[in-house]
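Undergrad: Residue numbers (the working numbering), protein chains in the order written: chain V, 1 to 158; chain A, 1 to 167; chain G, 1 to 406; chain U, 1 to 104; chain C, 1 to 406.
Don't read these hints as lab results, they were simulated from the structure. Mixed in with the good hints there might be a few duds.
Going by beta-carbon spacing under 10 Å, a handful of chain A positions derived as facing chain U [stated by the list, open to error]:
1. A12
2. A19
3. V38
4. L102
5. F109
Computed cross-link-like contacts, BS3-like style, restricted to lysine-lysine with a CA-CA straight-line distance of at most 27 Å [stated by the list, open to error]:
6. K246/G x K14/V
7. K16/C x K37/C
8. K95/V x K16/V
9. K284/G x K185/G
10. K95/V x K14/V
11. K69/C x K151/C
12. K284/G x K246/G
13. K99/V x K64/G
14. K215/G x K107/G
15. K69/G x K150/V
16. K215/G x K87/V
17. K64/G x K95/V
18. K64/G x K246/G
19. K284/G x K326/G
20. K381/C x K215/G
21. K187/G x K284/G
22. K64/G x K87/V
23. K107/G x K50/G
24. K151/C x K26/A
25. K151/C x K52/G
26. K64/G x K150/V
27. K151/C x K50/G
28. K87/V x K326/G
Restraint-style ranges between C-beta atoms, simulated for each label pair [stated by the list, open to error]:
29. I40/G x K69/C: 28 to 36 Å
30. E155/V x Q162/G: 25 to 33 Å
31. I318/C x A295/G: 54 to 62 Å
32. Y30/C x E199/G: 26 to 34 Å
33. D44/G x V157/A: 21 to 29 Å
34. A396/C x E199/G: 41 to 49 Å
35. E284/C x I20/A: 53 to 61 Å
36. R188/G x E155/V: 32 to 40 Å
37. A395/C x E150/G: 51 to 59 Å
For glycine and all other residues, C-beta sits at the position ideal for the given N, C-alpha and C.
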Amino acid sequence: MDSQEIGKHPVVQKLKSWDGQSVADVIEFRGETTVIVPAAQILRVCQFLATESSLRFTFLSDLTPVDRFPLEPRFELNYHLLSIENKQRVRLRVKLPGKDPAIPSVTPVWPTANWHEREAFDLFGIRFPGHPDLTRILMPDEWEGYPLRKDYPTEGIR
Amino acid sequence: MSLPFLIFAICAILAVAGAILLIAAKEPIHSALALILVMISLAVLYLLLGAPFIAAVQIIVYAGAIMVLFVFVIMLLNMGVEERTNFSKLAKYAGVPLGVLLLFAIAHFLAHSSAGTAIANGAAGTASSSTRDLSTQLFQQYLFPFEATSILILVAVLGALVLARKE
Amino acid sequence: MPEPYTLSHATIETAAGPAEPMVLNMGPQHPSTHGVLRVILELDGEIVLKAKPVIGYLHTGIEKSCESKTYSQCITLTDRIDYLAPLSNNLGFCLAAEKLIGIDVPKRAQYIRVLLTELTRVSSHLVWLGTHAIDLGAMSVFLYCFREREEIMKIYEYVSGQRMMTSYFRIGGLALEPPPGWLDKVKRVIDAMPGHIDEYEDLLTENRIWIGRTKGIGMLSAENAIAIGASGPLLRASGVAYDVRKAFPYSSYDEFDFNVQTANGCDCYARYQVRVAEMRESLKIIRQAMDRIPAQGPFRAELPGIIPPSREEMKTSIEGLIYHFKIFTEGFAPPAGEVYQAIESPRGELGVFMASDGSPRPYRVKFRTPSFINLQSLPMLCEGRLIADVVACIGTTDIVLGEVDR
Amino acid sequence: MNLSVVPVSYYLVLSAVLFGLGVIAFVFKRNIITIFMSIELMLNAVNLAFVAFARAHNHLDGLVFVFFVIVVAAAEAAVGLAIVIMLAQNRQSLNVERVNLLKF
Amino acid sequence: MEFISQHPVLVASIVKIAVLLFIVMTALAYLTWMERKLIAHIQSRWGPYYVGAHGLLQPLADGLKFLFKEDVTPPVADRLVYTLAPFLALTLGLTAIALIPFGPPSIPFPFLRGQEAFSVADVSIGLLFVFAITSIGVYGVALAGWSSNSKYPLMGGLRSSAQMISYEVSLTMSVVGVVLLAGTFNFNEIISGQQGYYLHFIPRWHVVPQIVGFLCYLTAAIAETNRIPFDLPEAETELVAGFHTEYSSFKFAMFFMAEYANMITVSCLATILFFGGWLSPFPERWAWQLFLPGAGLILLGIYCAYDTLAEMRGIARIQLSVVTLLCLVGGAICLYPPVAAVIQGPFWFTTKILIILFFYIWLRGTLPRFRYDQLMSFGWKLLLPVSLANLVVTAAYFVFGWVKHG
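This is chain V alone, in the form it adopts within the complex (with noise of 0.2 Å):
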């Protein structure tokens, strides 16, 4: 797909006229958008779309990692937002290195956030530094190690 078609997505405009730094890159796949978003820059990004008055991304849908694990930056990290009024929708990512994962929580943005960052943080081990209560969700609270890595012994006597 050319460069030309991919930035044609409003929410990518609406980005790069804000902030050239904000969009990384811009994936398109079976119709659906994924601007990859440099870390840094993520609350300031999900605070705009949620705030904009065109884009209104008012509602997080989801939020969930993806353990690429050889790979080096190795977790992604998909932040699908919808807005209910333009009825949209449209997926940051932002890639986190396999070392001390951490990204500013978003749960100021959308209080949503809150329970998909704990379940990322159970599951994956990415922290969220800002989140107002970041323990376990799923696994018990004394839980070694972090089940949905793709380096997590799937079978054996621990």
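Got chain V sorted already, so can you dock chains A, G, U and C onto it with the hints?
TA: Same frame as chain V, now just chains A, G, U and C:
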């Protein structure tokens, strides 16, 4: 031994035992239960004395309302076992013997007073007539005190409300 | 020795501090937490000061299991996520996989899918209504609802051979040709349903106690609902007309005529109204779907190497046999990439995020389950209210613990 | 002694014993609620005496008094227990030794 | 022997207590059967069915099960009070029934010399004593809640104490109107005061002038016995089971028996106070009513016979035929005029109680549960004022001489 005496004896023993239990119990709720025991035995004694209305009121108001309130408060506060703190030596060594002495003095006096010789059981006016007479007395001779107590109760209810209300 | 008491401002203030709140552990074994939900309540008398849901007691690691199974094998796991609406979950997963691969499902299969998922919605709402009612003490409604749900289960069984873990939807279409006469059974059920719904409404809608227990309870304003990420009836009862079926139509929902049911009460009663109205609306969709389903036609897309060939083809042609063998041994490999497919499950937006690295097994599957997110709103709903309202609030969020914990 | 009838004096002695036990409880107990209960015990003892006297003199005034005593006790319990609750909330204790603000 | 001849009243009382206890215990057991059956039919299911024909042996099986179950006492419980509470509840529940007259005060029994009353004790202020006993009935529940030393039971106990105290006031107030009409606290006198007919066929029962009082009484009585919609102390879905959460085995059963005993007591009271107790609803000149009980039993027997032949199989057929035989023989005996005359009173009394109990159960099948604060405000802000107003109006009736006393 006649039936009334038997009933009296049982109830008297139960009442005294309840009173002692009230003192001995560490848990406030056990004390409350002991007091209820006392009250119910007293109610039976009132029946024996030919005052069924008072007996019923004793159970309804005392055992059924006041003591329920006590139990309720004990449960609500759930303060647990009573703590024994420093106890006044004066009360321990002088008060108790004096109290017991006083008690015996009163008992002795009562047992030998002229009033005590009257017979407490046997045929008196029937129970229903006593209830009717009581109400007549209440609403004629003692009408003013009766109304006054109703105001007292109203005041008490208001007072309790004011105390219980949160600022 | 007791401390000496001095009459100063500071001592009065510390002495007059509030009594310590009582901490009550509601669940994980409690009749009205609808499973193994645990809520830690801080109480002042009967008033809830703080409510903290604790979850994870039913965590089965479905997302992790998916990573080691082929795409088709994962479908059976999705039934176990929301065991009250298995077909919705099947649909969400299949749609995501189809999007990833790029399959067009034949219209007949799409309509049947719509019909069955709407039936699922009715059945799930029936369970909700029944359990919510019994939580608030209305016992008969519970049994009535389960009586009707039973009829829907019979349809599941007739169509797929299973009452609960149906796994009837497959990537590219359906598992089997639906048995003959199944539409008559569906018709019989949905013809009786409106009367039954009236029956529940007779018992509840204008019942003073029911209104007293639900109206003004569990308030969730539209702003809060969006902020907390609530979806489905929870969101629509706050007046936000967001329904994935309308906003992002899938499986030919755009061809059907139905309304998004909303209410403005923002309380438990509004959610009750919305869900009851949704049941009626679903019946409407089912009727339309019954008229549209063609009697003949493929029930599965044809895509060699990805969609299993028909039985006949497998037995007669060598390619068919090879494809069949390959699909069922090593699976099929969609292109690398990620998709997010949302559907409107009975509880709200069920999103399936699927990442493929080009291998026959999904690299990562994430189920964005509505119960998980909706449950977050529980403290918002019930703090400052009475314990009895906690029960109403848990009921009204319509959580399924299998879905919360996955 | 003829045991087929019960003389009023027996009731009076019982009443005195109960009253005395009430006094002892009042002195010994440290918990406000139990102290309160010992007051009730004393009231009950007095009531018994009243009823016995009413019986002895075949006069109903004693019963009327008992009636009033019970009513007043009810009022007293309502207010008293409200105070106890306030006290418990403010002091976290029901021990009279810790609630001696009015002691000079 | 000498003692017996010296105290005939005492002996008669003891015999009566034994008979009454037996009858009441059986009635309690079969009340559970009736409740389960009725509720089941309201909810379109069968209810107990397998133990005995129509589940008639179910109460027996339940009793046996409770007897042989492990009796668990929580280690932190206050043993004395924990054991005392169920006994207290059951004893008080049963004691109140002793004061109820099930038939006319003096009736010539056909096979006995002399006349006997259909009650254990005919107390001049029976009504007050029943209230006295019910007023201390709260201890069973409250102490059970406290002594379990667990949070849910404690809250159940607290709720019930508050609820019972509150509704006791309305309960008493709603009855005072009847006491004014009757001018007595004695049950037999209250009942005989209701003899006669308006317009020669409407019975002159107190329910006609005291309809408001009756409705208040019924509501308060349901609250007093902790039944739906006022079953907050044991609200299963909120407090797990309230005050008896920690109880097991026969202690648990005792609470249930106490609850049913209380139901019977308040139904008896309602019958006596408002529905003319053992009086027949039909004018005395209708002589055929004498044979109504016998005819009813025979009809029941015929139905059972039909059922035995048409429906039952195996051992159930034998069981039901025993019931049939009992019904038919009993019916035949009841048709014998002297016997018929004797059982007139108990027959009507029981019939009226059963109707009220049916109403109880019907409510349970229909209504949701109140919330605690709603219950309290309902009791204090609606029920109490209405019953007070009723009392004032009734008193005004007398003061202004609209009604002649007696």
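Undergrad: Going through the earlier hints one by one, which of them does the structure break, listed in rising order?
TA: Hints 7, 14, 16, 18, 19, 22, 23, 28, 36 contradicted; others consistent.
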